[in-house]
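> Protein sequence lines correspond, in order, to chains A and B. Residue numbering for the first sequence follows this note's numbering, beginning at 138 and increasing consecutively. Residue numbering for the second sequence follows this note's numbering, beginning at 133 and increasing consecutively.
Where hints are given, some of them may not hold.
Facing chain A, from chain B, some residues (calculated, C-beta under 10 Å) [what the hints assert, rightly or not]:
no. : residue
1   : His558
2   : Lys664
3   : Ser726
4   : Val783
Just so you know, these hints were derived from the structure itself, not from any lab. Fair warning: this is a prediction, and the values are worked out from it, not measured in the lab. Where is the CB? At the ideal position from N, CA and C, for every residue including glycine.
In case you want the letters, here they are:
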Amino acid sequence: MSPANGNYEAVEQRIRELARAALEEGRVDYFIGWTTGYNESEVIPGFVRSADKVDDLVWNPLAAYNLTTFLKRKMPDPPQAKIGVAVKGCDSRTLVSLLQENLVDRERLYVVGVPCEGIVNRRAVSKVFANEVVKIEVAGDQINVTNQDGETKQLAREDYLLDHCRSCNYPNPRYFDDLAGEAVPEPEDQTPMWREIEEFEALPEKEKDRLMAEAFEKCIRCYACINACPVCYCWDNCVCRSRQPKLVGQKVNAQENLMFQMVHMFHVAGRCPSCGNCDRACPVEIPLYLLHRKMNKELKEMLDFEPGIDLEQKPVFQTFDVNDPFGQH
Amino acid sequence: MRIGVFVCHCGTNIAATVDSEGIAARAGELKGVVHTEDIIYTCSEPGQHAIQRAIREKDLDRVVVAACSPHMHEVTFRRTVEGAGLNPYLFEMANIREHCSWIHADKPEGSEKAYDLIKMAVAKVRDLEPLYANEVEVNKDVLVIGGGVAGIQAALDLAEAGLKVTVVEKETTIGGTMAQLDKTFPTIDCSACILTPRMVDCSQHENIEIMAYSEIDRVQGYVGNFTVDIRKKASMVDWDKCIGCELCQQKCPAKAPDAFNEGIATTKAIYIPFPQAVPKRAAIQVDYCRWFQEGKCRVCERVCPADAIDYKQQDEYVQKEFGAIVVATGQDVFPWEEYYHEYGSGRIPDVISGLQYERMLNASGPTHGHVLRPSTMGQKDVEPEEPQTVVFIQCIGSRDESVGRPYCSNVCCMYTAKQAILTKDHVGMETEVYVFYIDIRAFGKGYEEFVKRAQTEFGVKYVRGRVSKLYEERGKVKVRGMDTLLGKQVEIDADLVVLASGITAADGASELAQRLNISYDQYGFFKESHPKLRPLETNTAGIFLAGACQAPKDIPTTVAQASGTAAKVLGLLAKDKLKTSPMIARVDQNRCVSCWKCIEVCPFGAPEKEELRDGSYKSHIIETVCQGCGICVATCPVNCIDLKGFGTQSVLDQIEEVLLT
């Protein structure tokens, strides 16, 4: 990922302008963007319902949240609401997946695309201090972190990007109505990079088992991952929570937890571009995003499919093509 | 719950490797089982009586029969339990024959597995609920797609039985391929003489409506209630006015390729394919018409005594309702030019296809039945020559994997023998006639004798072997091949080479199959439901097959199949209401997220969008349309569709039973 060229403010202004215009003209009932959280170290989803509130919206490299998650929940309720939403490159891919599957109504959606140059891994940054971080500021290639005592540390931005931003091939939104700011340059080499997956795949089986057990032992089945997931849409009828029929065990142990996560992985396969929302939502820091990356790698290699790239593409498991790489095996 | 378990011996079919008696006794320990019995032949009359007696005497409310495959006898035993007053869907079969005794050698092991299978069936039957068949009203009109001999025969049989039949034909006349033929094997009777009266019968029958120059646009609905959109193609001639006088064709100045004569002659831009066409109506081939291409002419309009020409005519769409559909769309001739480059790819004028030769032999064809060398035809100052040496090559686009046609086309051996005889008859006995063949397949009644006659009585020289190359040399076609019986190279200087082009699926067959939701094989032929036991039905209820659209067929087989299909349709439509299987999909609308994947994947059009009171739309299965195939169940991303009688829970119960107990 190239160093940020620092036009965050211009883009932020543009998002506000677009949101204001949409609200004033009544094109949307509310606009979902990003806003500052309980302190300046955090950016959280922000719902703006009137034009005078658009200045609450922010855009900076902490805006990790994939806001399309709220579409799957909000679109049917209230049924006729018109919604504006801001999407980064990866967010737009989940939106495209949802649109492909008729799960959001394009007619009632206003999408502001936000070209993205990489999001900071807030969890990693906030660990540089033992106590609470109150401010994270990105300036060029630097990240300035301030803790509650007013101490400041400087970090290299490059070292603290989210993993999937490092290997991102689609920094510009794949679908939008208006683009906030100029599109950023896309990597010339679009070959997907699976470094972290390949490293894992190369491990001995025993070691893989150990790492998996270690990771999933921690899971407390809080289901934050599936609540945060933009393309997981069974709502209250998730098979992992259903007791009739009882398809997945409810016990909390490494094996059952892994089973639950596997079900989730398979269920969102073909829709999930591994945006990382599950990963960031996990309170016990299980690297869930790797699971979905692995599935994406398989899809790419077996079926030459990348989720959410093109609105016209059919959901992968609803198509059959004898020319799939898989068919050649 | 009072479950009865009946374990079959099937003579020694099962009992040789499974201890039927022992496992029947053990099954008594399973939860809910109150009666067990082992029976030598459960499907026999005493066997079925034993089940019924036990249901009555032991007051059973669920029945498990451990015997053969449900494919074999599920229907039988459902009837049995129904006969004793039980709901037929409170019954389950454990397949301990195909899945067990036939594939195991060790009796204790086989018995153990059989017991596991019975355990699973008992677990499933515990979960079953009574199901009730639906009834649906039946429309008694029949659609026949294709007006060849198959369609004509089916239509006549159905119309005679009193049903209203609509025949949709894509060409301007019915008759199909048979109308193009000269004589038919093995009797050498005139094809037109036996076909055209049937065509006329069709057009005059009060119960038959012929929609020529029309195609199927869309098919909706289900058995007993199909809604079909038919596109009447614009012929540029008002067929209500046209009297078929052929005046327009005579006066038309624009030449056009003659598809009916397989391209060995030309016709006019406005044309009637042949004199006995039914309906005998003219149509304009717009691509060749001077008015449409150059903006001047209108000769046909001027000469037409009926004022029938209508240059502004547009395609017209008609919607009709039917109870059953007969698909009789026939076949095409294998396009050998695209594949056989060693035979000149169609560039050698004296190498023609079997059907082209057929047109040449035909007295009403372009040469009036004279066999001529195409290279000498249609030239100034050249008298057309009769060929002195004619070579036939068999299996062109049949039994040839290199051109993707490994199947036998069924008719070529016989039509080649016929054409060889007719060559001798038309040109003279002194003509040299060679047939290169792989095998002679003369399987029908009188066929073998017919080929023998060609060889002995008419002196046709049969050479077993394949021709490797055809090329022109000094006004002849050099035929270079191998006589595999003599093990020698053969070279023949031929005047005319006739390639016995095989049968290939009709153009557009797969598109039609998709519109009809019927299956087709890798060659484009429509698939029957079962090759032996349901050869006339498709897997879509209410849609039947006749003729070569299913597989290459000769005329006798086609006609026999068409009549058989008519009987099937009559059997179906004899009822006023149809019972539908209750083992169908069911949507839990609370969970439905309205993604409509079920609608997209359903081959029958069973799921529909249902508007709920809150204005939202949810998936709903039309019970009478659903065939219970389960594809929507597997597709539904939120798992909100279940198959009645095959619920997720009952599958889990079975797995649990076999793994955990």
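> Each hint needs a verdict: does it hold in this structure or not?
Going down the list of hints, with the structure as the test:
1. His558: 48 Å, violated
2. Lys664: It is violated, given that the least Cβ distance between lysine 664 (chain B) and chain A is near 29 Å, above 10 Å.
3. Ser726: Holds. Min distance 7 Å.
4. Val783: 8 Å, holds
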